[in-house]
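Model the full structure from these sequences, guided by the hints.
So the chains spell out like this:
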Amino acid sequence: MGEVSAGEPERREARDEAGERELGEARDEAGEPVIATRALTKRYRGGQLAVDGLDLTVPAGSVFGFLGPNGSGKTTTIRMLMGLIEPTSGTARVLGQPMPRATRAVLPHVGALIEGPALYGFLSGRDNLIRYDSADPSADPRTRRARVAAALDRVGLTAAAGKKAKAYSLGMKQRLGLAAALLQPRRLLVLDEPTNGLDPQGMREIRSLVRELASDGTTVFLSSHLLDEIEQVCTHAAVMAQGRLITQGPVGELSAGARGRLVVTTPDPAEAARVLKEQGVGDVVVADDRVTGEPPDRDLAEVNAALVTAGVRVRGFTVQRASLEDAFVALTGEGFDVAG
Amino acid sequence: MSRAEPSAPQGRGELRDRPQTARARRTTFRATLLRNELLTTFRRWRTVALLAVLAAVPVLVGIAVKIETGDGSSADGGGGGPAFISQITNNGLFLVFTALAATLPFFLPMAVGVVAGDAIAGEANSGTLRYLLVAPAGRSRLLITKYATVVIFCLAATLVVAVSALTVGALLFPLGDLTTISGTQISFAEGLGRALLIALAVAASLIGVAALGLFVSTLTGSGIAAMATTVGLLITVQILDQIPQLHVLQPYFFSHYWLSFADLMREPVYWDDLAKNLGLQALYAAVFGSAAWARFTAKDITA
Ligand SMILES: Nc1ncnc2c1ncn2[C@@H]1O[C@H](COP(=O)(O)OP(=O)(O)OP(=O)(O)O)[C@@H](O)[C@H]1O
Ligand SMILES: [Mg+2]
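Sequence order for the protein chains is A and B. This note's numbering puts the first residue of the first sequence at 1, with every later residue one more than the last. This note's numbering puts the first residue of the second sequence at 1, with every later residue one more than the last.
Hint data in this document are derived by calculation from the structure and do not stem from the laboratory. There's no promise every hint is true.
[Unchecked claim] Residues from chain B that keep clear of chain A, each with C-beta distances beyond 12 Å, as calculated:
{"id": "1", "residue": "L129"}
{"id": "2", "residue": "L166"}
{"id": "3", "residue": "G193"}
{"id": "4", "residue": "L196"}
{"id": "5", "residue": "P244"}
{"id": "6", "residue": "V248"}
{"id": "7", "residue": "E267"}
[Stated by the list, open to error] Here's a subset of chain A near chain B, in silico, CB distances under 8 Å, partners left out:
{"id": "8", "residue": "R79"}
{"id": "9", "residue": "P108"}
{"id": "10", "residue": "P141"}
{"id": "11", "residue": "A310"}
Owing to the predicted nature of the structure, the values given are computational and were not obtained by experimental measurement. Yeah, the Cβ is synthetic: ideal placement off N, Cα and C, and Gly gets one too.
This is the structure we're talking about:
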C-alpha cells in the first residue's frame, strides 16, 4: 500500500506527526475499534437533526451491518465518517484517527461506496477507475493499470470495461462503484447499500466478496435495509431509528433478543388454541391449521403432551427462531411511514 | 511536504517501507491528478465543441473578408469592425490579431466560464465529487488541480483561435512584412513573435474570469447554474464597463484592460495597460482563488 505523507497544508486534512504515529499504533493494537464515535451529532443546515448522539463501535475484523429505516441517518453517519461533512458535535475516529481532520492519512486505507455509485458517463468503465485511482496521492501510477484490471475482474466487469459508463445498467454501475472501492488493499470497506440494483446473482457475488474480504482481515461496514442480507454475512449489527442508535452488538445476540414463536400445525386449531392458553402460551393466534404463540417458560414437551392428552391431533410442533427481521421490527416499530 | 518526512525512519508497517525515493515519487503521484484532469477535460465532447466553435470564428472572419474584397475593392472603406480588419487583405497575419480581438470580449471568456463554472459544481452534480474526496484527492489539491486545468484551458482556447487564424490567413491572403500601429515596418518573423506574445496576453486576460468561475462553482451543486452565473457576470461586467457614470469602478472590472493587447503592436511597445491588465488578473486570481478555497475546504459535501 502507498505512503500516507501529506503535502500542502489543508484545513480539513491538516495532520500532524502524532496523528501518523497513532495510525501505526492502531494497527498494532488489535483491540482498537476500526470505527468509534462519541456523541456524534449532525444537524443539517435546514435544521434537520439527522444523527443524534451516536455512540458507534465497530470492532476490527467484523462485518458490521448498519440497519435502519429510510431517513434514519445511515448515510449521514457514513458521510461524517468519510470526512465529507463536519459533525455538528461529537467525535468520530476511523482507524484510530480523528475524522474529518485525518482524511488524508485514513482514507487511502478505506474503500467506500456511498449512496450508490457516481460515474463519468463519457468515460469508459476502465477510465473511470483510472480517474479515481489518480485522485489518490498514495496510489502508485506504475501499478495502476494492473490494479484497475484486477478490480474490474473482481466485480465481473472485465468484458464491459471498454464501454462508456453511461451505457452501463444500474447493476453494472453498482459493480463499477464497488470496483473503485477495491482499487487498493483496504483495511476498511464502507458500503452504503451495496446490493441496490443488483440481480440475485450479483447479490450473491457481493455476499461472497464481502466474506472473502473479511477473511483477508478487512473490516466491512455495510448499510442495508435487506435484513436477510445482513443476517447472512454480518457478524455484528447496529440499528438506527430517527437518528438514534437503538442497539448494537453481535448479530446472534440481537436476534436472540426477540423471542421465537411456537408453531403448532393441527386439523383441530380451536381446541389446540384453548389448550395452549391453558398451558400459559401468550398471544395465541389461529390462522387456518396453524396456531402460533409466545412459548411459555415451562418445558415444551409438557405442552405437547397436554395437547395430545386433550385429543388434539398434532401434525407439527416447532419453535420458529426469531429472524433479524423480527428483531428489527420489534426495535423500530412496524410503521411504514418515514419519520419526518 | 516535509512535515511528515522526519518521522519516516521510525515508521513501521508497509506504510513507508520505501523511504529513499518517497519524495520523488510523491511529486509524480501528485501530478497524476492534473494529468488525468486534463485528459478528462479535453476528452469531453463539450470541451471539443467549445474549441471547435472558437476555431470556426477566424474561418468565418477570413472568408467574410475575402468575399468582401473579392471584387478588388479595398476593405478599409467601410470602417468599423474589429481591430486590424482592414489590414487582413494585405497580410494574413493580421487575421490572428483580428480573430483574437473578436473573440476576447465574449467567445473566449464564455468558453472559460463554462469550463470553470462546471469544474467543481459539475462534479458535485454528478456525485463524482464525493468519490474524488474519499479517494482522497484532498480538497486543496483538487481545487488547485481544477484551477490549473482551467488556466491551461484558457491558453489552449486562445491558441486554437490564433492557430486557426494563422492557417486561414496564410491560405487566403498574402504573408509578409507588416506595419505596426505606430507606422513602422517589422519583419514577418517578428510579426509572428508579436502574434505569440499577443496570444499569451489574451490568455492571461482570462485568468480573472477563470478564478471567478471557479469560485461560483464552489457555491452551488449545479454545474448548469454555475456556468450560467459566470457567463451572466461576464456579460454584466462588459455592459457596466460601457456606462460612463461608473468610471470610478471600471478600472476594477476584469475586462477593463482586455484590449490592451493591441499595445503589443506598437513600436515601441506600450507596456502600461498591459501591466495593469496582468496586475488586475492576478488580483482576481488571488481574491477569488482564496474565496473558492475558503468555501470549498469548509463545505459539507452531501451531493
Ligand atoms: N443534504 C441534506 N440536507 C438536509 N437534510 C438532509 C440531507 N441529507 C439527508 N437529510 C435528512 O437527514 C435525515 C437522514 O438522512 P440519511 O440520508 O442519513 O438517511 P438514511 O438512513 O441513509 O436513509 P436511506 O435508507 O433512505 O438511505 C433524513 O431525515 C433526511 O431528510
Ligand atoms: Mg442512505
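Here's how the hints hold up against the structure:
For B/L129, the condition that its CB be more than 12 Å from all CB atoms of chain A is violated, with the nearest at approximately 8 Å. Every beta carbon of chain A lies more than 12 Å from that of B/L166, the smallest distance being close to 31 Å; the non-interface claim holds. No beta-carbon of chain A comes within 12 Å of the beta-carbon of B/G193; the shortest separation is about 37 Å. Listed as a non-interface residue, B/L196 keeps its Cβ farther than 12 Å from every Cβ of chain A; the least gap is roughly 32 Å.
Listed as outside the interface, B/P244 is consistent with that label: its C-beta sits roughly 43 Å from the nearest C-beta of chain A, beyond the 12 Å cut-off. At roughly 36 Å from the closest C-beta of chain A, the C-beta of B/V248 stays outside 12 Å, upholding its exclusion from the interface. At the 12 Å boundary, the C-beta of B/E267 stays outside the reach of chain A, the nearest C-beta of that chain being 44 Å off. The restraint placing A/R79 at the interface with chain B holds, with a minimum CB-CB distance near 7 Å, inside the 8 Å limit.
Annotation: A/P108 was flagged as interfacial toward chain B, and the flag holds, the nearest CB pair being 7 Å apart, inside 8 Å. At its closest, the beta carbon of A/P141 sits 5 Å from a beta carbon of chain B; the interface hint therefore holds under the 8 Å criterion. Because the smallest distance between the Cβ of A/A310 and any Cβ of chain B comes to about 62 Å, over 8 Å, the interface hint for this residue is violated.
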